[in-house]
Amino acid sequence: MTNNGKAKIEKTFGGLKIIIPSKKNWFSLLFGTAWMGGWIFGFVSASDFLFNSGIDNSGASGFLAFWLLAWTVGGLAVSFMLLWGYFGQEKFITDRNEILFEKSVFGIGKKNRMEISAIKNFRTEKSNDDLFSGNRMAFWGLGPGKIKFDYGLKTFSFGLGVDDAEANYIVGLLKEQFKEQ
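Numbering (the working numbering), first residue to last: 10 to 190.
Check each hint, because a few of them may be wrong.
In silico lysine-lysine, BS3-like type, Cα no more than 25 angstroms apart, as pairs [what the hints assert, rightly or not]:
#1 188 x 135
#2 157 x 20
#3 17 x 120
Simulated restraints, written as ranges between beta carbons of each label pair [claimed, not checked]:
#4 46 x 184: 43 to 49 angstroms
#5 122 x 184: 35 to 41 angstroms
#6 28 x 124: 18 to 24 angstroms
#7 121 x 96: 19 to 25 angstroms
#8 72 x 114: 51 to 57 angstroms
#9 126 x 33: 32 to 38 angstroms
#10 120 x 45: 26 to 32 angstroms
#11 22 x 75: 53 to 59 angstroms
Note that these hints are calculated values from the structure, not bench results. We put the beta carbon where it would ideally sit given N, CA and C, even for glycine.
Go ahead and model the full structure; you've got the sequences and the hints to work with.
Below you can see the structure in the form of structure tokens.
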């Protein structure tokens, strides 16, 4: 099979190592990067006005402080989405005893260690990732992935950035690795 997918798949001595880069929506990444330029200008201007203008009217400075807080939250959210979009990775690493399941940017993020005996039911599920679907976060590269599995009584997913054929291939590898009934 020609390896032309997005995932990096490596068979190790004890299992598998699958690394999938985050889904890239280049329009949203470029637009978000440009928006951050405007955000920085607005943040610096509002901060300068609030802290250096000596506003006597407490109502105006109270409103500006609230606006600046909301502006900061918005900027942090967009920064997170940009970092995930440009540099995010999903890792699914198996060894003989456990699985490391990780969604991270530069190694910082959500990490789960799971017992192999409690993992079952690997499957694929199509994901509608346009902006007007029920899964709006997929447009931004976030949200549930195409590859799903059950761990105990919870369902986990990954692989939003892979095509359907690649998701099917990865599920086949995982089923072979875990010898599902």
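Consistency of the hints with the structure:
Taken as a hint, the residue 188 and residue 135 pair is honoured in the structure, with Cα atoms around 23 angstroms apart against an allowance of 25 angstroms. Proposed proximity of residue 157 and residue 20 is supported: the alpha carbons are some 20 angstroms apart, at most 25 angstroms. About 19 angstroms separates the Cα atoms of residue 17 and residue 120, which keeps this hinted pair within 25 angstroms; it holds. Against the hinted window of 43 to 49 angstroms, the Cβ-Cβ separation of residue 46 and residue 184 comes to about 46 angstroms, which satisfies the hint.
A hinted range of 35 to 41 angstroms for the beta carbons of residue 122 and residue 184 is inconsistent with their spacing of about 21 angstroms. Taken as a hint, the range 18 to 24 angstroms holds for the pair residue 28 and residue 124, whose Cβ atoms sit roughly 22 angstroms apart. At about 20 angstroms, the beta-carbon gap between residue 121 and residue 96 stays in the expected band of 19 to 25 angstroms. As the Cβ distance of residue 72 to residue 114 is approximately 34 angstroms, the hint placing it in 51 to 57 angstroms is violated.
Residue 126 and residue 33 have their C-beta atoms about 35 angstroms apart, which keeps the hinted 32 to 38 angstroms range intact. Judged by the Cβ atoms, the range 26 to 32 angstroms given for residue 120 and residue 45 holds: they are separated by roughly 27 angstroms. The hinted range of 53 to 59 angstroms is satisfied by residue 22 and residue 75, whose Cβ atoms lie roughly 56 angstroms apart.
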